[in-house]
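Work out the full structure, taking the sequences as your base and the hints as a guide.
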Amino acid sequence: EDQVTQSPEALRLQEGESSSLNCSYTVSGLRGLFWYRQDPGKGPEFLFTLYSAGEEKEKERLKATLTKKESFLHITAPKPEDSATYLCARPGGSQGNLIFGKGTKLSVKP
Amino acid sequence: GAVVSQHPSWVICKSGTSVKIECRSLDFQATTMFWYRQFPKQSLMLMATSNEGSKATYEQGVEKDKFLINHASLTLSTLTVTSAHPEDSSFYICSASGGTGQGPLEQYFGPGTRLTVT
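Residue numbers (this note's numbering), protein chains in the order written: chain A, 1 to 110; chain B, 1 to 118.
No lab work stands behind these hints: they were computed from the structure. Watch out, some of these pointers could steer you wrong.
What the hints assert, rightly or not - Some residues of chain A that are not near chain B, with every Cβ distance over 12 Å (derived):
(1) V4
(2) R12
(3) E15
(4) S24
(5) Q38
(6) K42
(7) G54
(8) D82
(9) S83
As the list claims (entries may be wrong) - To give an idea of the chain A side of the interface with chain B (calculated C-beta under 8 Å), a few residues:
(10) G43
(11) F72
(12) N97
(13) L98
(14) F100
Even glycine gets a Cβ: it sits at the ideal position worked out from N, Cα and C.
Shown next, in the form of structure tokens:
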């Protein structure tokens with residue numbers, strides 16, 4: 001079965017300590033890889049879509065990259081307000097639903 | 001742009017009653033809306049897909065007679081949980097796609113509705 005696997009499950013960083021989150025997938029013919037941020041008790045907030053290997057997108061302290069097998073979400077010099085669960089997803093069925101990974105819970109301490 | 005709202009944000013109901021949750025796309029027309037459910041410390045699981053003016057498509061294991069979905073317009077979809085039971089307590093989130101300027105598969109999510117059945 002096609003999977004979306006995220007690692008690590010949880011990540012604790014000090015403010016300013018850069019790191020990366022991983023999302024690996026096992027599907028051929030990827031039609032997009034999506035990154036979302038979810039705060040507790042809130043719906044996911046769209047961050048990025050990546051469509052082809054080698055593609056990169058940036059937004060403030062976040063940069064998403066994509067290879068043929070995985071995607072990385074790089075966080076540069078994080079701040080406490082970056083604390084959240086980061087979800088990656090890939091398209092599922094023909095109607096465009098998304099299949100989500102379990103997420104990485106990021107905590108940034110001041 | 002691409003704002004999706006949900007109402008109510010939280011609801012408590014008694015076992016056996018029905019609850020309706022509304023999902024609206026505020027600044028775009030959503031050709032497709034999706035309903036997800038999220039249990040604590042779990043990821044989002046798709047329940048059903050709805051297209052305006054047609055019957056919803058339910059995922060395997062989701063009872064269509066229990067979770068009634070109506071997508072009457074391009075900006076509104078509703079999920080009604082009928083005869084709710086405590087095991088239906090969860091976080092229900094809708095998403096919508098189809099706005100101009102969005103990528104073909106990009107979805108924008110509502111803030112979610114916390115349902116607690118007592």
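Checked hints:
no., hint, result
1, V4, "violated (9 Å)"
2, R12, "holds (17 Å)"
3, E15, "holds (25 Å)"
4, S24, "holds (15 Å)"
5, Q38, "violated (9 Å)"
6, K42, "violated (6 Å)"
7, G54, "holds (17 Å)"
8, D82, "holds (19 Å)"
9, S83, "holds (16 Å)"
10, G43, "holds (4 Å)"
11, F72, "violated (19 Å)"
12, N97, "holds (5 Å)"
13, L98, "holds (6 Å)"
14, F100, "holds (4 Å)"
In summary, the structure is inconsistent with hints 1, 5, 6 and 11 from the numbered list given earlier, while agreeing with the others.
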